[in-house]
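Those sequence lines, one after another, are chains A and B. Per our numbering, the first sequence starts with residue 1, numbered consecutively. Per our numbering, the second sequence starts with residue 1001, numbered consecutively.
Hints are computed from structural coordinates only; laboratory data are not their basis. A quick note: this is a predicted structure, and the numbers were derived from the prediction, not measured. Warning: the hint list may mix true and false statements.
On the chain B side, residues computed to face chain A include the following (Cβ under 10 Å) [said to hold, decoys possible]: (1) G1035; (2) A1041; (3) N1090.
Here a beta-carbon is modelled for each residue, glycine too, at the ideal position from N, C-alpha and C.
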Amino acid sequence: MKKTPLHAVHTGLNAVIVSFSGWEMPLHYSGVTDEHKTVRSAVGLFDISHMGRFELSGKAAEAVLDRLTPGPVGKLPRWSAHYSMLLNEAGGILDDIYIYKRSKERFFIIVNAANRQKDFDWMLHHMPEDGAVLTDVSDDTALLALQGPRSQEVLAQIIPFSKNEIPLRHFAETEWLPAPGVRSYVCRTGYTGEHGYELVVPASAADKIWKALLLAGESAGIKPVGLGARDTLRLEKGYLLYGHDINEQTTPIQADLMRFVDMKKSFIGKEALITEAASGPVKKIIGFKLLSGGVPREGHTIYSGEKEIGRVTSGNLSLMLKQGIGLGYVDAKYADVGSDIFIDIRGKAIPSTIVQPPFYRRK
Amino acid sequence: MVAEGFLYSREHEWVKAEEGRATIGISHFAQGALGDIIYVAPPVLGRCLLQGEEITEVESTKAVSPVYAPVGGKIIVVNEGLKDNPELINKDPYGQGWIVVVEMTNPEEVNALMTAEAYALFLKDG
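Extracted from the complex, chain B is given alone in its bound form (with noise of 0.2 Å):
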């Protein structure tokens, strides 16, 4: 399942951009893979990152995944939620599962990502 209206990354993140703002969180497909999502390491709020870097990790209950920022920026809302429900990843990843809100640096670093259709066709031929 790809929601329509977030951009893609090859590593599976999704970006929501308004006004400069991008909200970011991991793709259906990508909460699938992990399997059951049991904690998420909390992001440091102000934090500034590059396109690429590390935003946090999320542990399933098998192994540690690297969540790495689509777009470059500064972390200006981490989602709470996720310290006492991690599990919101799985139930609802494009909704309530969102990690953090970055201020983008670059809006333009957004052109890079894929769109619904595009991410679907590269999940589809891996």
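Chain A with its partners taken away, still in its complex shape (with noise of 0.2 Å):
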């Protein structure tokens, strides 16, 4: 099992640990509820140095990236981000990404650690034998997230500069107060749906910076966050899982990401993108919302009427709105918002309506 540079840090904060794709990591700390309503109101600590990341660099590094991903990578102004996938051939979703582009010779992506290894090879393997390098760096740094309306103020504390602030998918490289003389990434960027950061940070200062954000943010009513919270903000804000809501068996056009793909380049898979696109999907994600009580889960059977239609993907409790929310797949006919639909959840049909995510927004 593997441990991030802060494991010791998270066992002195007494942070319950779980193992998640291969990796020893803090489930939670004061408690999922109060972990997810201070990322919602105030600020939040996470590490989540488990995924992936890579530098791609070289003269054909953009062709690369262009061939390899559905995104527009060539139109993405530097030091800016953009989240994007890894296809197949079939138009399977190999891993759902993030590119961030320094140059057009130089990019960062960060990958989920399940797939690490799996992308690695796969990126490889579609690579000229010439013009682009492609380096795991995870090992040498840990990625932190700072997620939450105070997030900013937290920030400036820790970073030489704190006027200019760096606009939404952009990143910038900086020194780090805490930690002078070594200098890293800080991403506008996040998987909770708030303002926040991710930082990529040395590994051998990690555990300093890590210290000096909780003792910035402390005003602010910063706490550490674990992977627990990190879920049920995602979902509320529809924000996909990979391995659960995405997989090699999904495609964007079922997933609902089409507007993370340039149809007018070419990129792997797009041949089998315009044969289901002309065909249509057989069958398509959907959000929902209960309509009365109950804990939608991944796995329970979704119906419309007695008919048995899909299958959620991920379920919980919107612990802003108090309401059970989800996403699944259902048979493609049955797909569009407003539909009433029943969610089994062990021998009870809950009644449900099919929305379209984000299910929470801020007032």
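Please dock the two separately framed chains into a single complex, following the hints provided.
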């Protein structure tokens, strides 16, 4: 079981530790509900070092990514980032990833922990002999997420610039005041739907920067947040979780991710998507809300009247709405927003409605 | 933390029995193991349960767990407070976090339950 550079810090904070994709990770510290609400109302600090980090560099770097991912990498401005995917030839999603473009010749990529080796091998296999070098830099760094409406004021205390706020989906290279002399990325991205940052910090300084952030955020009410709340936060925003809501058997068409796909360019999986778009997908992702009590979970069956139409892939109680919410796939002809469905929760058919995520928006 | 004055089942429910009636909840250990409780399926008032039958299910942020009847009987009161505040089970498992009151069918069933002392040992020995 792998441990992040912050493992001892988590046990020192009495975190409940679980194994996740081969890593020992904090599930929660003060409790999922408390941590969730802290991120929505103040600021939370996460260790997400289990996620894989790659560097892709060289003259052919942009051309490689342009072929490997369906998004408009070429149009991405320098020092900005976008959500993307790796697709197989059948259009199936090998992984969902985040691409950070430093220049046409230098990219930083964040991938899911469970797919780190698979993605690396796939990318390497589809690269030219010359012109681009792919490096797995995961072990040299730790990845922290600082998320919540008060994240900016906390971040400003540990980096040397504060006035020029990093725009959404942009990133910068910075020095860290708690660990002078080292420079790494601060990214205005996240998985909570709140204003926030992801910080790529050197592994050797992770502990120092983590502690400095908790101290800097004390008056803002900062708390450490585990994977439990990371999951409830992302679900409230309708963000997909790889291995649950998407996998190699789902395509961007089925998963409602075509806004991240540029059909005008060429990329691996494009032909399959053209074919699927022409015939129409057999299944489609839906978001749904329960109309009465109950908590939907992955694997629950979805009904339209008496007819079984699909399955839940993620479900929980929205801690802000106090209402059961979830994602799932249904037979495409039943996927219209506003349709009445039933979720079978251990034999009870709970009336529900198909809605367009996000489930939660700040008032 | 095992509260004194309650009897305990091996499934981590507690019972406070008085004059043929039993108030039932789950132990401090059980709520801790479940994590944050976010939903309690409403128990059915008037339903008759055998010892060991499921009273309800409690959902935490991570999973669902059944609550079994440590003694048999008819559900005569349901804690309505849990509907809007299921976290009362976490905050006050032996007090405001009680789940139901049953009228016991056979009050002698309590004799099979553990005292606080025995339950503390049971937890320690796993």
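Cross-check of the supplied hints:
no., hint, result
1, G1035, "holds, 6 Å"
2, A1041, "holds, 7 Å"
3, N1090, "holds, 8 Å"
Every hint from the earlier list agrees with this structure, and none is contradicted.
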